[in-house]
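Protein chains: 2
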Amino acid sequence: MLAEIITIGDEILIGQIIDSNSAFIGKELNKIGVDVHQISSIKDDKQHILDAIEEASNRVNLVLITGGLGPTKDDITKHTICEYFDDILVENKDVLMHVERLFAKYISTPISDVNKQQALVPSKSTVLMNLYGTAPGMWLEKDDKVFISMPGVPYEMKGLMKDEVLPRLQKRFNRPYIIHKTILTYSMGESALAEKIEDWENNLPSYIKLAYLPSLGKVRLRLSARGSDKKLLQDTIEHKVSALNLIIGDIIVGYEEDETIEKRIGQLLVKQGKTLSVAESCTGGKIAQSFAANAGASAYFRGGAVTYATQSKIDVLGIDPKIIKRYTVTSIEVAEAMALAAKEKFKSDYAIGTTGNAGPEKGDGDVEVGTVFIAIATPKSVFSEKYVFSDLRERTIEKAVNKSFELLLNLLL
Amino acid sequence: MLAEIITIGDEILIGQIIDSNSAFIGKELNKIGVDVHQISSIKDDKQHILDAIEEASNRVNLVLITGGLGPTKDDITKHTICEYFDDILVENKDVLMHVERLFAKYISTPISDVNKQQALVPSKSTVLMNLYGTAPGMWLEKDDKVFISMPGVPYEMKGLMKDEVLPRLQKRFNRPYIIHKTILTYSMGESALAEKIEDWENNLPSYIKLAYLPSLGKVRLRLSARGSDKKLLQDTIEHKVSALNLIIGDIIVGYEEDETIEKRIGQLLVKQGKTLSVAESCTGGKIAQSFAANAGASAYFRGGAVTYATQSKIDVLGIDPKIIKRYTVTSIEVAEAMALAAKEKFKSDYAIGTTGNAGPEKGDGDVEVGTVFIAIATPKSVFSEKYVFSDLRERTIEKAVNKSFELLLNLLL
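Chains A and B supply the protein sequences, listed in that same order. According to the working numbering, the first sequence is numbered sequentially starting from 12. According to the working numbering, the second sequence is numbered sequentially starting from 12.
Since the hints were made in silico from the structure, they are not lab data. It is possible that part of the hints are untrue.
[What the hints assert, rightly or not] Heads up, incomplete: computed chain B residues facing chain A, CB under 7 Å, no partners named:
#1 Gly37
#2 Asn41
#3 Val47
#4 Gln49
#5 Thr120
#6 Gln128
#7 Leu224
#8 Gly295
#9 Lys297
#10 Arg313
#11 Ala316
#12 Ser323
#13 Tyr398
#14 Asp402
#15 Arg404
[Claimed, not checked] Straight line, CA to CA, 27 Å or less: simulated DSS-like cross-link-like pairs of lysine-lysine:
#16 B:Lys414 with A:Lys169
#17 B:Lys156 with B:Lys173
#18 A:Lys116 with B:Lys220
#19 B:Lys173 with A:Lys358
#20 A:Lys169 with B:Lys373
#21 B:Lys169 with A:Lys373
#22 B:Lys282 with B:Lys358
#23 A:Lys38 with B:Lys38
#24 B:Lys182 with A:Lys42
#25 B:Lys391 with B:Lys358
#26 B:Lys38 with A:Lys57
#27 A:Lys84 with B:Lys207
#28 B:Lys414 with A:Lys116
#29 A:Lys358 with A:Lys373
#30 B:Lys207 with A:Lys282
#31 A:Lys220 with B:Lys84
#32 B:Lys116 with A:Lys397
#33 A:Lys285 with B:Lys336
#34 A:Lys373 with B:Lys173
#35 B:Lys169 with A:Lys414
#36 B:Lys42 with B:Lys192
#37 B:Lys116 with A:Lys373
#38 B:Lys373 with A:Lys173
Note that beta-carbon positions come from the ideal geometry of N, C-alpha and C, so glycine has one too.
Next comes chain A alone, as it looks inside the complex (with noise of 0.2 Å):
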């Protein structure tokens, strides 16, 4: 069962808007094991829009249109689709009370003509409620073939594939079986991973394919098996993990799908009864941020301080100003005492102090640009290393975040 994407607007060919519409749509379609063959990201124009789905269905049996049903006139694809289907379009009442409802709850201005005009859907369409938003999703079929659209703006467009798109197409397609597993993999780089488990990977079956998706400091394997023995498919996956294992276990972070360092961080330090706090300059929150993203962060995540002038760190903190004099603001001695400190000021069991020089200029300290001192205190002591790693800032940034998150998790395995 094969699927396109096509995503339409000007924005996302012009790169002002990163498409990530389609990634969650992937995500969600394989999982029901309807495989994504190609996403095309067009303009708003009625034609390329046209040969666009032309093309797709020429290709697959179902189509997934996302973008260009918001009420302003760049927005044409629902009087394009209309002209597909060679079809008219029709006041939805439905749609049309949902819309006054939405106004007369959120906004406190009067409903417009404009706004009235998302309740016009094509006659030929199965109208797609959607709870979040104004405009609505379609459903249309052609020559057995199937044809989504759905609006742009992405909570919009996920909720409708929750609560209708997916439902719908479990019930309308016949599925093959497929299962992905995830295995994230950190401090190996993916060529020398690679060379490791090559063995392993000559031998796997025609049916499991693998993926390296490498990301800073980490990469993620992924095996996809497909096919219609659905116990075959998950005995093999579970043998091959298992003997994965084997080869590098001590690398291996977690098998989640959205598994990442600071979540396997989180559920170590909760299980170990130990909480967490960071104190943070050049890194600017980010690390405190990453921790307190996920559901449940409470549990185990104290807080942190981001002391990014000089002076708050002595003010909030409370680092000696001669520890600073002495050794200038980034060194493994004010690291250490920024970790030293959060670890005190929050009560925590552990906690992780940065301080660094993320370019472009040279701030307080006078280390070279991407130079970053990080620093782990744990319940018993402290330690800390100093690291180059980039001259763009938002790399060395990332990179500090990761490397921190790296040396914390080692401590904790």
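Fit chain B to the given chain A structure using the hints.
Here is chain B on its own, set in the frame of chain A:
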């Protein structure tokens, strides 16, 4: 001058990664007057790659391809390109030296045969040296059309684009003149804005296109003018923006392509010689991090306290436990106390305080999930508001961050 982008990788189609490369490439091409006609994300599959390259080359004169150049088995782009151009792979001495140097400098493991194969390139290609990784870029021509292959690792691709691809494209192709002007507005929704500027929009000349790019709490308007008469385009855009300013000047944040509310806040604070700090609970460091992410933040951003646990609000910020007990930890009073405490601790002129419950479960407070209190302390006073944002954790955090920027910007303007 039209281009297409092809991004290769199963990981994009199953949604394990979001294709951010296309957005970067689209943005950079647009700046030099090259229009991206379509972005196609396809599989690591030989026939699919061959088809996609052929189709794109039938539509446009420039095809940029990313991905599938890694050293592992699932990376087949180079061999497939070789087949498309009826070519063979040959070792490139410069690339080999570069790969060896990279290994000697950064990587502790010895260089392997797999890594040495990165130096193999199609004999007809011009090598584009990738200073940031082992996979070189490749430039090939056929029937007066240009094909460029780059690695999929974002910072390697970005480096190649800037160092090699863009300068070469500017030499190779004649391009029309193009101007984009972005106007960031806040605090008004897309359709209300569209109605307010309807007459202005209807009077735009045919060579200027307007797009609405709405996101949380803001709408970016993008004007794109295209033609051969540079001066006419510039003058008309300038004239139209001035006219727009008369209609909605009060909700315009700024005109930079990468304008954000937090950057604008930073500029205003620097201009007024004022500083900022934050005290965050449910937003978990995201506000601090948004400011710290900008180069030059140290000129106005003093730092922040992420007091996630209730006790941390007392221990770190010095909030009076009686206030927490009396009003609960998620309250107007605690938000204001947090903002005032941050202002005092960090010795800043302004401070933001947030406390609330982003969910999914009820936390230390007893307000419903999605409730956030935001306080702003100014040099002279403090005020706060209660909001109920969403029952989705991520969205509540995002909305709270945005709203706090909006409140502060309102004060500074």
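Hints versus structure:
1. Hint on glycine 37 of chain B holds. Least Cβ distance to chain A is approximately 3 Å, under the 7 Å limit.
2. Annotation: interface hint on asparagine 41 of chain B holds; nearest CB of chain A at approximately 5 Å, less than 7 Å.
3. The beta carbon of valine 47 of chain B is positioned within 7 Å of a beta carbon in chain A (closest approach about 4 Å), and the interface hint is therefore held.
4. With its C-beta approaching chain A no nearer than about 5 Å, glutamine 49 of chain B sits inside the 7 Å limit, and its interface hint holds.
5. Look at threonine 120 of chain B: its Cβ gets to within about 5 Å of chain A, closer than 7 Å, so that hint holds up.
6. Of the supplied interface hints, the one on glutamine 128 of chain B is violated, with its beta-carbon coming no nearer than about 10 Å to a beta-carbon of chain A, more than 7 Å.
7. At about 5 Å, the closest approach between the beta carbon of leucine 224 of chain B and any beta carbon in chain A falls short of 7 Å, and the interface hint on this residue holds.
8. Given hint, glycine 295 of chain B at the interface with chain A, holds; its Cβ is 2 Å from that chain's nearest Cβ, closer than 7 Å.
9. Hint status for lysine 297 of chain B relative to chain A: holds, with the closest Cβ pair at about 5 Å, below 7 Å.
10. Taken as an interface hint, arginine 313 of chain B checks out: its beta carbon lies about 5 Å from the nearest beta carbon of chain A, inside 7 Å.
11. Given hint, alanine 316 of chain B at the interface with chain A, holds; its Cβ is 5 Å from that chain's nearest Cβ, closer than 7 Å.
12. For serine 323 of chain B, the shortest C-beta to C-beta distance to chain A is roughly 4 Å, which falls under 7 Å, so the interface hint holds.
13. Look at tyrosine 398 of chain B: its Cβ only gets to about 12 Å from chain A, farther than 7 Å, so that hint breaks.
14. Of the supplied interface hints, the one on aspartate 402 of chain B is violated, with its beta-carbon coming no nearer than about 11 Å to a beta-carbon of chain A, more than 7 Å.
15. The interface hint given for arginine 404 of chain B holds, since its Cβ lies 6 Å from the closest Cβ of chain A, which is under the 7 Å cut-off.
16. Note on lysine 414 of chain B and lysine 169 of chain A: the hinted pairing holds, with a Cα-Cα distance of about 23 Å set against a maximum of 27 Å.
17. A threshold of 27 Å between alpha carbons decides the hint, and for lysine 156 of chain B with lysine 173 of chain B the separation of about 21 Å falls inside it, so the pair holds.
18. Our distance criterion of 27 Å between C-alpha atoms is broken by lysine 116 of chain A and lysine 220 of chain B, whose separation comes to about 33 Å.
19. In summary, the hint linking lysine 173 of chain B to lysine 358 of chain A is not supported, as the alpha carbons are separated by about 47 Å, beyond the 27 Å threshold.
20. A threshold of 27 Å between alpha carbons decides the hint, and for lysine 169 of chain A with lysine 373 of chain B the separation of about 24 Å falls inside it, so the pair holds.
21. Only pairs whose Cα atoms come within 27 Å are accepted, and lysine 169 of chain B paired with lysine 373 of chain A is accepted, the gap being roughly 24 Å.
22. Simply put, lysine 282 of chain B and lysine 358 of chain B have alpha-carbon atoms about 18 Å apart, close enough for the 27 Å limit, and the pair holds.
23. Taking the CA atoms of lysine 38 of chain A and lysine 38 of chain B, the gap is about 26 Å. The hint holds against a cut of 27 Å.
24. Pair hint lysine 182 of chain B plus lysine 42 of chain A does not hold up; C-alpha atoms about 46 Å apart against a cutoff of 27 Å.
25. For a cut-off of 27 Å, the pair hint linking lysine 391 of chain B to lysine 358 of chain B stands: about 14 Å separates their Cα positions.
26. With a CA separation close to 23 Å, the supplied pair lysine 38 of chain B and lysine 57 of chain A stays within the 27 Å bound.
27. At most 27 Å may separate the alpha-carbon atoms for a hinted pair to count; lysine 84 of chain A and lysine 207 of chain B meet this at roughly 13 Å.
28. For the suggested pair lysine 414 of chain B and lysine 116 of chain A, the alpha carbons sit about 19 Å apart, so the restraint of at most 27 Å is met.
29. Of the pairs offered as hints, the one joining lysine 358 of chain A and lysine 373 of chain A is violated, with about 33 Å between alpha carbons and a cut-off of 27 Å exceeded.
30. Note on lysine 207 of chain B and lysine 282 of chain A: the hinted pairing is violated, with a Cα-Cα distance of about 56 Å set against a maximum of 27 Å.
31. Among the hinted pairs, lysine 220 of chain A with lysine 84 of chain B is consistent with the structure: their alpha-carbon atoms are about 11 Å apart, no more than 27 Å.
32. Under the criterion of a C-alpha separation no larger than 27 Å, the hint pairing lysine 116 of chain B with lysine 397 of chain A is consistent with the structure, at around 17 Å.
33. With a C-alpha separation of about 26 Å, the suggested pairing of lysine 285 of chain A with lysine 336 of chain B holds against the 27 Å cut-off.
34. Between the alpha carbons of lysine 373 of chain A and lysine 173 of chain B the distance comes to roughly 24 Å, so the proposed pair stays at or under 27 Å and holds.
35. The suggested pairing of lysine 169 of chain B with lysine 414 of chain A holds, with an alpha-carbon distance near 23 Å, which does not exceed 27 Å.
36. This hinted pair checks out: lysine 42 of chain B and lysine 192 of chain B have alpha carbons roughly 11 Å apart, not beyond 27 Å.
37. Between lysine 116 of chain B and lysine 373 of chain A the alpha-carbon distance is near 25 Å, which keeps this suggested pair within the 27 Å criterion.
38. Restraint check: the Cα-Cα separation between lysine 373 of chain B and lysine 173 of chain A comes to about 24 Å, which is no more than 27 Å; the hinted pair holds.
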